[in-house]
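Peer 1: So the chains spell out like this:
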Amino acid sequence: MTSATELMLLVTLQIAVHLSTCLALLLYVIAFGLRPDRQASPQLFDAFWACVLYCAGQFVLWGINFVSDVQPTLELQRNGFEFIFRFVWSPQLSIIVLWFFFAHVVQSCPHMRLNVPRSSVVANFRSKTLSRAFTAGVLGVIIANSILPLDSFPPRQLVATILAFSVVSTAVELILKRYKYRQMSLVSPTVSWLYGVWLGAWVIAAL
Amino acid sequence: MNYLTTLSSVALYVDIFLTICTLVYALGNSSALKCARNMDMQIYHAFNIIIFTCAVHILSLGELLLLSIPRQLSLWQFISNVGQNTVYVFIINCVRHDWLRCGQCCSLHGKILTKKEMPR
Numbered sequence: 001m002t003s004a005t006e007l008m009l010l011v012t013l014q015i016a017v018h019l020s021t022c023l024a025l026l027l028y029v030i031a032f033g034l035r036p037d038r039q040a041s042p043q044l045f046d047a048f049w050a051c052v053l054y055c056a057g058q059f060v061l062w063g064i065n066f067v068s069d070v071q072p073t074l075e076l077q078r079n080g081f082e083f084i085f086r087f088v089w090s091p092q093l094s095i096i097v098l099w100f101f102f103a104h105v106v107q108s109c110p111h112m113r114l115n116v117p118r119s120s121v122v123a124n125f126r127s128k129t130l131s132r133a134f135t136a137g138v139l140g141v142i143i144a145n146s147i148l149p150l151d152s153f154p155p156r157q158l159v160a161t162i163l164a165f166s167v168v169s170t171a172v173e174l175i176l177k178r179y180k181y182r183q184m185s186l187v188s189p190t191v192s193w194l195y196g197v198w199l200g201a202w203v204i205a206a207l
Numbered sequence: 001m002n003y004l005t006t007l008s009s010v011a012l013y014v015d016i017f018l019t020i021c022t023l024v025y026a027l028g029n030s031s032a033l034k035c036a037r038n039m040d041m042q043i044y045h046a047f048n049i050i051i052f053t054c055a056v057h058i059l060s061l062g063e064l065l066l067l068s069i070p071r072q073l074s075l076w077q078f079i080s081n082v083g084q085n086t087v088y089v090f091i092i093n094c095v096r097h098d099w100l101r102c103g104q105c106c107s108l109h110g111k112i113l114t115k116k117e118m119p120r
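Which chain is which? The protein sequence lines are G and E, in order. Residue numbering for the first sequence follows my numbering, starting at 1 and increasing by one per position. Residue numbering for the second sequence follows my numbering, starting at 1 and increasing by one per position.
Hints listed in this document are in silico derivations from the structure and should not be mistaken for laboratory results. This structure is a prediction, so every number in the text was calculated from the model and none was measured. C-beta: ideal position from N, C-alpha, C; glycine also. There could be a bad hint or two in this list.
What the hints assert, rightly or not - Some but not every residue of chain G turned toward chain E, in silico, with C-beta under 7 Å:
#1 A40
#2 L44
#3 D46
#4 F59
#5 L61
#6 Q92
#7 I96
#8 F100
#9 A103
#10 S120
#11 L163
#12 F165
As the list claims (entries may be wrong) - Residues on chain G that point at chain E, a partial pick, calculated with CB under 10 Å:
#13 A50
#14 V97
#15 W99
#16 L139
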């Protein structure tokens, strides 16, 4: 089992990745101007706003966790499976479910209205860009940790820094894609970078 | 302290109950899963992950109970889990009602079409 400090770093980066992905999804909702048609499909309307509320609610919940104290969560290190489930599988899988759902409503759902023409929404999947962003995340966090040990920073500061970077990066992506290439896509190099950071934290803990 | 421990235990049982309900609801709508596969692979993958997450969540919470590990299910964790289950149920319900009936994806006279039978 990894030490308490490394677990703390993993938990902190997990929170940052989770919140940043929620934030990216909310930014995409605003940028695409997504509006479900209530009359055509009340179920889709409910599901869509439940997903948006869930993303927004994560900030409140993690905020309460931070204000109270993150330390109690480290008690979970006594139970490895429970720790991995709470901080690795469950949050990430929820995010992947949300991502798939949003990709569906943006790309092919007939009951969803968009501010941008659907023809300009493409699966703009450039594997080279994404793999570079992912590698940058993994290497970046390992190099940063070797220069300045990340666990010496307060958790709040680390989360806030990654959140700020994600917001700026996602905004730049959206503006570039929309106004330069006239295209919109849910596939994001920023999210790929975040997952790289997350994997990098596990590499640090494993080493 | 006892009050908090009791509250945490109740939250744990409620969480297990809700997760089992979500899993049963998802499995009970496996016809909607077939529909989703025909309609859109993204929603199909989402549906599969929901089933997988709920199953692992039940194992995880069961481990807490069986090993009598001090219950660490704090209020924010509980609310987050309940929110996650609620979102899952909404998505399953959306797939179930919307795409099972829309006639666009799979349902013709109540019959679930296979991928080969789908109109091009």
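Peer 1: Taking the least C-beta to C-beta distance, is G:L139 closer than 10 Å to chain E?
Peer 2: Interface hint status for G:L139: violated (29 Å vs cutoff 10 Å).
Peer 1: Do the numbers back the hint for G:V97, that is, is its least Cβ distance to chain E under 10 Å?
Peer 2: 5 Å, holds
Peer 1: Interface hint check: G:L44, Cβ to nearest Cβ on chain E, cutoff 7 Å. Holds or violated?
Peer 2: Nearest chain E Cβ about 5 Å off; hint holds.
Peer 1: Would the stated hint for G:F59 survive a check requiring a Cβ distance to chain E of less than 7 Å?
Peer 2: 12 Å, violated
Peer 1: Return the status of the interface hint for G:L61: holds when the least beta-carbon distance to chain E is below 7 Å, violated otherwise.
Peer 2: 5 Å, holds
Peer 1: Would you settle whether the hint for G:L163 is holds or violated, based on the nearest Cβ-Cβ distance to chain E being less than 7 Å?
Peer 2: 18 Å, violated
Peer 1: With a cut-off of 7 Å, does the beta carbon of G:A103 approach a beta carbon of chain E closely enough for the hint to hold?
Peer 2: With Cβ-Cβ at 5 Å, under 7 Å, it holds.
Peer 1: Tell me if the interface restraint on G:W99 is satisfied: Cβ within less than 10 Å of some Cβ in chain E.
Peer 2: 8 Å, holds
Peer 1: A closest beta-carbon separation below 7 Å is what the hint needs, so does G:F165 meet it against chain E?
Peer 2: 24 Å, violated
Peer 1: Please check whether G:F100 passes as an interface residue: C-beta within 7 Å of a C-beta belonging to chain E.
Peer 2: Holds, about 4 Å.
Peer 1: Classify the hint on G:S120 as holds or violated, based on whether any CB of chain E lies nearer than 7 Å to its CB.
Peer 2: 19 Å, violated
Peer 1: Taking the closest Cβ pair, is G:D46 under 7 Å from chain E?
Peer 2: 6 Å, holds
Going down the numbered hints, you'll see the structure goes against 1, 4, 6, 10, 11, 12, 16, while the others check out.
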